[in-house]
Structures are given as structure tokens and as C-alpha cells.
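Undergrad: Chain by chain, the residues run as shown.
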Amino acid sequence: GQNIDQPTEMTATEGAIVQINCTYQTSGFNGLFWYQQHAGEAPTFLSYNVLDGLEEKGRFSSFLSRSKGYSYLLLKELQMKDSASYLCAVNLIWSNAGNNRKLIWGLGTSLAVNP
Amino acid sequence: EADIYQTPRYLVIGTGKKITLECSQTMGHDKMYWYQQDPGMELHLIHYSYGVNSTEKGDLSSESTVSRIRTEHFPLTLESARPSHTSQYLCASSDRPGTGEPSSYEQYFGPGTRLTVT
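Protein chains in written order, with this note's numbering: chain A, 1 to 115; chain B, 1 to 118.
These are calculated hints, taken from the structure and not from any lab test.
Virtual Cβ for every residue (Gly too), placed ideally from N, Cα, C.
It is possible that some hints are incorrect.
[Stated by the list, open to error] If you want the footprint, here are the derived chain B segments under chain A, 3+ residues with CB under 8 Å:
#1 34 to 43
#2 106 to 115
[Stated by the list, open to error] Quick partial rundown of chain B residues pointing at chain A, CB under 10 Å, derived from the structure:
#3 Gly28
#4 Ile69
#5 Gln88
#6 Leu90
Okay, chain A solo, but in the shape it has when bound (with noise of 0.2 Å):
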């Protein structure tokens, strides 16, 4: 089967750094997304890595090894409007057809940052 796991929620300090980790064991690996969703909003794209390394992207980066199955999310400087669900997604290609690819989703994890 298909898992994902984040851990449930965390809190950190405005201006500080925080890592968000996420691991994953599926079939048909093809690239690992990051989003953001501020409750009762949709998600939106953070990241997105498909080969080994680090993203970086402003203050937020990103880091993949498919030969652990893991990623990660750090955020620095962490400002109080970065409180929200991050959420880690892999894309799977799931049809032998052509190029069609669909997401498995994490739970998400819940950041609180306190001032």
C-alpha cells in the first residue's frame, strides 16, 4: 500500500527555524510535493523535488532521498502568518498509459508559531 507519514502538529518561536519531516513508502515514486494550507483555505504549492538534494526558495527549502524515503521542510525566520497545515504529497504514476500521475496525500502537519 500506499503511506505517508508527518508528525501531527509542532509549534515554534517567530524568527526561529523549524523542520518538518515526512516519510513515505509507495510505488511508482515520481517527485515529492510541499503545501500550504491556512485553515478553511485551499492548499497551496510550496516545493517540489524529484531528485536527491535541497531546494532552497526563499525562506523556505525543501529536501529529498528517495533511497530513505524521506523529505523534509525547513522554514526560516518563521513569521506568526506561517501558522498553518503543511502538508507533503507524492506523486505517483499510476497508469502505464501515458504520462498520468496522482497524488497521495499526508494528514498534514499543524505549525503553530508563537510570537
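Fit chain B to the known structure of chain A by using the hints.
TA: Just chain B now, with coordinates in the frame of chain A:
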């Protein structure tokens, strides 16, 4: 900036009513998706489409149906709403995968429809 729209944003309706949730995107994306999400819970894929006249059921069994007559439009219909259908419904679309642009797999989400069936 993604251009994907859902209407209505909020809907409260009685049991047994037929409802259609609208989703439209102006990006020319081939792939469109419907997710169901309860508060604090994961996203569940209930329907998807890879193009016009293509629709498939997702991982979570749903009593809803979808249609894809036009590229930009992917409505979801519940023939007879029940309280168990109360949830948030999110529509998303994504581009045809390119050759070396990983972010072309990115799914763009609409604002969602929060449905309450009384």
C-alpha cells in the same frame, strides 16, 4: 497566479436535494481533480479527469458524479444530498507534464466549496 474558480463557496441544503458544485479553470489544463476534505483531515481524491470526456473515480468512494464536456469545466453533482456529504470539496487542475519542468505537475486549487447538508 492560478485561475481556478469554484461556486458556490458555501452551501447549506436540505437532505434529498440535488446539487451541482461548479469548478472552472482558465489555464487550459488537461487534468482536473475533485478532493473531499474534512476539518483537520487529509485530502481524499474522489474524482479526476485527464481531458474532455475522460472521468475516473478516485481513491475514496463517493456517491457524487462528474462530467467533463469542456476542458475548462468540471462540475460535481450529488443527486440526493445527505448529512454524511457535509464536507469541504476542493477542485484542482494541473498541466500536461512537460519535458524537464517538474513544477508542471503542480496542482492548482480552487477556493473550495463548504457544503452542509441538514
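Undergrad: All hints are to be evaluated individually against the structure, with a verdict given for each.
TA: Here is what the structure says about each hint:
Remark: the stretch 34 to 43 of chain B is confirmed as covered by chain A, as 4 of its residues place a Cβ nearer than 8 Å to a Cβ of that chain, reaching the required three. Here the stretch 106 to 115 of chain B counts 8 residues with a CB under 8 Å from a CB of chain A, which clears the bar of 3, and the coverage holds. The beta carbon of Gly28/B comes no nearer than 16 Å to any beta carbon in chain A, farther than 10 Å, and the hint placing it at the interface is violated. Look at Ile69/B: its Cβ only gets to about 21 Å from chain A, farther than 10 Å, so that hint breaks.
Hint status for Gln88/B relative to chain A: holds, with the closest Cβ pair at about 8 Å, below 10 Å. Below 10 Å, beta-carbon pairs count as interface contacts, and Leu90/B has one with chain A at about 6 Å; its hint therefore holds.
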